[in-house]
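Position chain B against the provided structure of chain A, taking the given hints into account.
There are 2 protein chains.
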Amino acid sequence: MTLFEKHQPVITKAIEVLHSRIFFAAFPENPSPAVYGETADADGQAKFKNQLGKKFEELKQSGATTWGGQEESPYTQEALKISYPLFTVDSLIGNSKKAFHQWRKVSAQDRAGILMESLERTKKRFFEVAYATMHTTGQGYMMAFQASGPHAADRALEAIAAGYEELNRFPGKVIWDKPMGKFNIQLNKEWRAVPKGISVVIGCSTFPTWNSVTGIYGSLITGNPVIVKPHPGAILPIAIFVAEIQNVLTENNLDPNTCQLGVDTFDKMITKELAEHPDVKLIDYTGNSAFGSYLEALPGKTVFTEKTGVNSVILDSVEDVDKAAANLAFSVNLYSGQMCTAPQNLYIPADGINSPAGKISFDDFAQKFAAQITGLVDNPKAGPFVLGAIQNKKTNERIAEAEKLPGKVILKSRTLENPQFKNARTATPVVVEIDSSKKEIYSKELFGPIALLIKTKNTNESIALAQEMAMKHGAISCAAYTTDASVHEKIADEMALAATPVSFNLTGGIYMNQNAAFSDFHVTGGNPAGNASFTNPEYVTKRFTWVGHREPVK
Amino acid sequence: MTLFEKHQPVITKAIEVLHSRIFFAAFPENPSPAVYGETADADGQAKFKNQLGKKFEELKQSGATTWGGQEESPYTQEALKISYPLFTVDSLIGNSKKAFHQWRKVSAQDRAGILMESLERTKKRFFEVAYATMHTTGQGYMMAFQASGPHAADRALEAIAAGYEELNRFPGKVIWDKPMGKFNIQLNKEWRAVPKGISVVIGCSTFPTWNSVTGIYGSLITGNPVIVKPHPGAILPIAIFVAEIQNVLTENNLDPNTCQLGVDTFDKMITKELAEHPDVKLIDYTGNSAFGSYLEALPGKTVFTEKTGVNSVILDSVEDVDKAAANLAFSVNLYSGQMCTAPQNLYIPADGINSPAGKISFDDFAQKFAAQITGLVDNPKAGPFVLGAIQNKKTNERIAEAEKLPGKVILKSRTLENPQFKNARTATPVVVEIDSSKKEIYSKELFGPIALLIKTKNTNESIALAQEMAMKHGAISCAAYTTDASVHEKIADEMALAATPVSFNLTGGIYMNQNAAFSDFHVTGGNPAGNASFTNPEYVTKRFTWVGHREPVK
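Chains as they are written, first to last, in our numbering: chain A, 8 to 561; chain B, 8 to 561.
There could be a bad hint or two in this list.
It does not matter which identical chain is meant; a pair holds if it fits inside one copy or across any two.
Calculated pairs, DSS-like style, for lysine-lysine (alpha carbon to alpha carbon, straight line, at most 27 Å) [as the list claims (entries may be wrong)]: (1) K189 - K130; (2) K88 - K61; (3) K20 - K185; (4) K288 - K308; (5) K497 - K366; (6) K180 - K20; (7) K419 - K446; (8) K275 - K308; (9) K411 - K330; (10) K13 - K400; (11) K279 - K308; (12) K401 - K279; (13) K308 - K446; (14) K275 - K446; (15) K497 - K288; (16) K479 - K308; (17) K288 - K446; (18) K131 - K288.
Simulated from the structure, these hints should not be mistaken for laboratory data.
Only a predicted model underlies this, so the values are computations on that prediction, with no experimental measurement involved.
Same shape as in the complex, but just chain A:
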């Protein structure tokens, strides 16, 4: 049985659900022992702890010049002291060029089988990945497990499935038979899906696997060799994925350099040198807008970006104001607002929000929202775990600055003690009221647990501002609360024009921050928040070129 035959059922199912977009998950998100085994969690934690202070020696790449690594845990604020092999850019590129000519000739079926097998191997290490994610990103345990493990693997499968489908969308060979009256012209035609070349995937510090595996697997399934350039602050989680890919490649007598890890350190970043290298044809990137826009403008490259955005919440009318406030409070608290899908600007009409119980004034909503945040933060069984820790010290600076904004501070940020990690770098959300006239304040991303309550003239102004922010500055998510059908359609239409998906009237256990594989396109690609979308057809078709040859039938 080939690896493709082994994994064919799940690939077939994944292609099917990519089109039906109903619920599907190939990798269970529930970390319970019943699903992953009694000792899986403890074993994963032990493996993670055992890696601390040591060389990461799992990679099958050769030619390292030295070793380095500067990861630090936001929970302990101590260095992990893991070191990784470092390579020159020339060495990475040289290895990649060599691997390219082998990998591009591997069939789409074999590629799909090998890639799926690597995900199955990584599945056995989801807990290890989870602890690695916690102690690099500051995510809480549950998010670290789900986002970096099963949800990332589902997104990777999505890319494999989408790529496999597109590679098979046109025939390999056909006889073209054109009647010319007295005779026919017959040509043998064949089409080749030609991979574009070396692919560089640039990771971010907050979602080191979830935001990188789509590009890695999207490039690999379409025949391109990949160099993974992780954020220097969050290497270990993705290093485990790369190691497992290299394992399966080697077992199948293929060059492990088909997927290399190109680690760098804060003092000597190699990202620009890699990206600008003429042999690099594909770039995937998650991170700040300035660097993303620089990458997008590089000539002769195909670039996929997820940059920053300003996510809006439009509050028009609600069924139940407390449930709405609770839902939004959770969204702001979740991983301390360090998600690209977290809400930032909440637009509330000056004369309040309609509800079955009458108008809820701006101030009343502000108080309810603040109370919900505080309630969650102060719940010792939830707060520390939902908030996690702050990945980057600069986020703390932004929080401090937010409290000095020209508006009323509704809720101040404070630190929160984590029962497991006394030294955790934490910050609860800050909430500031801003008048809609002060557009310069809220026309940019304030990354972290920062929520602005923006007082608008009315819902029409709220919609116009949300649309303007998305069109000018990008947006990845949007929430809206309305019980009015025409307002509903207006929001749906105007935000669609700004290429922003809207979550309407969320209450309970589902949040605007969440994006489900196989169903929700992540980043639409249609506004300045990024030009890529997981996983629409372009996300894979742009990684190869259809070339057709032809010859008369003998």
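Frame of chain A, contents of chain B only:
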């Protein structure tokens, strides 16, 4: 019966053949009276002649500032004196913005029906389009009829079909039902294919309809309003298409400004002002590389280009050298080499070409090739009609310069009398022998009837040069002659890496210049000859954005 229902069979068939890539033509390429009617040709010619010297008053656009037009017939070298309404860029954009919000809400089915109906209307005017094409581009009658009429309409249908398919690739609505253990989360989800906005299609002087209709119909089917900016030297053929689109729009109570004609004159070109306008989101372009690369670099635009390239012929070994030479001679003569797919660089090993009858020396092949060109040129029943006329005087200058290149002139260019048009601007091909060491000579497009016989060390050098030209300077077509299976695969592989389709061993009535709708992708998009391909999925998916909204099921 709706227009969609009327045209559904052909759209369905077109989607099917886009994937099977077998022969298909919806619009017959045979201009015989049996197909198009006894009087169709004469009627079309009369309509064309009647238009000369007059205003083109068929457009339903309003707000023209003045009238203008500078078309000139390459056959008579006289001005056509047809004038068209001229509009300010602001007026075109203003009209387009207004039309956008109506057109984007028309269903994909209704758009497809309206667009197919417009093609059916244009079909009745194919002969008029043919004469308009002859007297703007210089194409011979048969090419003018086929390329501007049925072949263009087939490519337009291809764009409609590809767009319609992609618009239906994801569901409009679905219930997403996620088991959470004790309960399910249920969301109503919906996806909208949101058009990007105003589309500008910039035409060229040699193929005014064939190279423009794909962009026009590709943008329209996906909901974008279009401004067609024809080349000032070749307006009438595409004006007829636009007029028929406007007719069908108006009959269906839709704004005719959904597709506007934006004519300009050589002394006051509006292309840059249009392209740079912030409201213009999509640009389709056919023409020179310098302007194409400028367009590709415009920030915030989705740009589809067909620029220039250096097309190669690799001569390794032949079954029948005379048939090969005849086939290539026809390709060089056809429309006097003014096709983006015409061959330019013929690479021939210094020690000759293998054949069953032994080696054919470089000089022998050169003489056979020259003799085949001369034979066709001097055939009074074929020569003038195959060559047509020279569209642009600059091409004559390039021909004169080619004869001064540092190499042996194998065949000089001369004028050729056209029995129907005594004043036709004609030029037969010039053939020059160049040593492969003189790369600077042949590393650029020499547009027109110019063929270079490049003497290489061997076939490996020929392949390497053909690949290098395509990778560095672009290529749209390539021919190769080899009877050796391993050389065959090497050429197929190396040229595929340069994203260039290869026609192998063509003889008889099929030529490397020809690209068939529904089967041959035109321009692969993978080398500097252009970033677009007719009609691969990206050609339509990049014209809209998938946006998904969601809301809990009540």
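Violations among the numbered hints: 9, 10, 14, 18
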